[in-house]
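Undergrad: Take a look at the letters that make up each chain.
Number of protein chains: 2
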Amino acid sequence: MNRAVVLLSGGIDSTTTMAIAKSEGCELYALTIDYGQRHVHEIEKARLVSKFFNAKKQIVVSVNLREIGGSALTSSIEVPANRTQEEISHGIPVTYVPARNTIFLAIALSWAEVIDADTIFFGANVVDYSGYPDCRPEYIRAFESMANLGTRKGVEGLTEFSVKTPLINMTKAEIILKGIELGVDYSLTHSCYDPGEAGIACGRCDSCLIRKKGFIEAGITDPVRYAL
Amino acid sequence: MNRAVVLLSGGIDSTTTMAIAKSEGCELYALTIDYGQRHVHEIEKARLVSKFFNAKKQIVVSVNLREIGGSALTSSIEVPANRTQEEISHGIPVTYVPARNTIFLAIALSWAEVIDADTIFFGANVVDYSGYPDCRPEYIRAFESMANLGTRKGVEGLTEFSVKTPLINMTKAEIILKGIELGVDYSLTHSCYDPGEAGIACGRCDSCLIRKKGFIEAGITDPVRYAL
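As given, the protein sequences belong to chains W and S, one line each in that order.
With the working numbering, the residue at position 116 of the first sequence is 116, and numbering never jumps.
With the working numbering, the residue at position 24 of the second sequence is 24, and numbering never jumps.
This list has only true hints and no planted wrong ones.
Given that identical chains are not distinguished, each listed pair holds provided it fits within a single copy or across any two copies.
Here are the simulated lysine-lysine pairs, DSBU-like style, with alpha carbons at most 35 Å apart:
#1 K213 <-> K153
#2 K57 <-> K212
#3 K178 <-> K153
#4 K212 <-> K153
#5 K51 <-> K212
#6 K164 <-> K153
In short, the hints are calculated from the structure, not lab data.
Working from the sequences, and respecting the hints, build out all of it.
TA: Dropping the structure here:
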């Protein structure tokens, strides 16, 4: 059985990516990062998702990106609300966390080397946020090259690390339909950037808006409750 | 004044690298990583070094690599003692932390993007530990390529990120002599992998042995006390 590290935030994309890794017969090692995000509630969701898929192991690694700030997700910058589709899909939003995916993939690489996995599954997607530099295929390929030069197993030729991004060119509706086909229970997932204290989704941030639109386009009822 | 992020552990290499960055006229942003290392004492030293060089800012970012383990520095694997020069300089030791430098550089990249710095100074060195994959020039170049593809500023052409490794081909003695020339106070630094409770260097781990040898070869008295 191929071991795979799956970056799991507990959102729709990473949960569907986990379902795909499972459908490909991988033994799942779920990696959740607590990076001081506003929506720390998603970590609890990631635990449930991990259990749902019977992951061999899940770990939560904390890295305090609040020290660095620079994003609405890790500082007091306000999370934008009720933006139009046009606004959401152009440019890099203030919710972009500088080099976040590089940090996440680096931690995944570290764990992959320790547990002898050669594959990292990562739910990056270029469709909804076309402006995110660290979701693009050319970035992912550059990370792989670096990974194979900067690890013991890569250099010794024992492993060729690969980062699989099965969702990279899919729309949110296509992702949801793929997940439904694979038996994902989306009531376990969480998308909101700015949830209330009880973890209720705000319904107005970019992430909620993209999620709602995705479920509508997929013709599926979103099992998550929204404040608005 | 060029802003530069300097990865600062408080050891000889990163402290000398900081002195070099300063001598090149950079405004210093010192980044210290608390990664659950055995020698957490070095974080206190990094604070002193940062002050000594009048860094514009120092931050300590914690990332809990103990969750991942796989190294004598982050787990209960024993730190080797009294190895010969021959043993130290061949192969990858158990103190290697998988993908650690990639994680460190990724965090440095994140901060660099937030504060608008285009240079990261990093005290990597290939001479003492020839086996470390993530200290080699080809790895550093691959990291830069990835950094420029995976950041807003890199993609928008606003910044070309570079990782400077001025010590990469120097021996420990050459590094110490360079530091002395630049006014480094090495009594502020810390090298031991396995210090006692009061932070006294063990004198037996690879890092202590390399340090002692470096000072002897440089003809300088090591200002640090050793238990043995």
